[in-house]
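K.L.:
Hey, can you work out the whole structure from these sequences and the hints?
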Amino acid sequence: DTGVSQDPRHKITKRGQNVTFRCDPISEHNRLYWYRQTLGQGPEFLTYFQNEAQLEKSRLLSDRFSAERPKGSFSTLEIQRTEQGDSAMYLCASSLWRGMGADTQYFGPGTRLTVL
Amino acid sequence: KQEVTQIPAALSVPEGENLVLNCSFTDSAIYNLQWFRQDPGKGLTSLLLIQSSQREQTSGRLNASLDKSSGRSTLYIAASQPGDSATYLCAVGTSNTGKLIFGQGTTLQVKP
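So the sequence lines, in the order shown, correspond to chains Z and C.
Just so it is clear: in the first sequence, position 26 is 26 by the working numbering, and no numbers are missing.
Just so it is clear: in the second sequence, position 17 is 17 by the working numbering, and no numbers are missing.
Just so you know, these hints were derived from the structure itself, not from any lab.
Pairwise CB distance ranges, derived in the manner of DEER restraints: (1) N30/Z to K111/C: 41 to 47 Å; (2) G72/Z to Q104/C: 32 to 38 Å; (3) T5/C to P70/Z: 35 to 41 Å; (4) E56/Z to G16/C: 41 to 47 Å; (5) E28/Z to S70/C: 36 to 42 Å; (6) E17/C to Q80/Z: 48 to 54 Å; (7) P14/C to F74/Z: 40 to 46 Å; (8) A29/C to T114/Z: 36 to 42 Å; (9) G83/C to F74/Z: 28 to 34 Å; (10) A29/C to H10/Z: 37 to 43 Å; (11) G16/Z to E56/C: 47 to 53 Å; (12) R98/Z to S69/C: 26 to 32 Å.
Even glycine gets a Cβ: it sits at the ideal position worked out from N, Cα and C.
P.N.:
Below is the structure:
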């Protein structure tokens, strides 16, 4: 079990630049989630995929943010024209949804973004 | 709108003590509730998941309870150890989408 992996672990960028993060879920998991966490706060939901379909997006996900999961496996989160307020830890989680009951989400180590 | 609150924000206890962490939520119509642990600068580790039809779950020294009617959950840690030092997060699932709404966490320090 390799767990959920995220790349890069840290990213420092200048305001206005574009950044892209990658998440590789646990291989058999069909659901993939993105959350954002700022210092001292709990994670906030951004979006989630079931297989390759993006089924829900938070209002936190402005037009500058886009997420994809093209083949239902890994996912990318892109932030265009970064702002200092985008500085946060971006967490990815995956789960196996079987159509009923609750599915435990397994989190990756996160990507820490710093916008200068 | 569902809101999740965790009190206290920080807790320091001597090793060996039993302790309770509290989580409250405003809307009792939840799908499930999960407790996570987060070490500094790291991702989250799932500890326990309680489905809405359940009252409690146990794993080793951990026991989580759920009272939907009062909008509360507790995480009981028995015989605390320094290795239990971390931030504990409570998260409510509001539907079968799996979307979680998190509290702000309780940072626990267990002193040797």
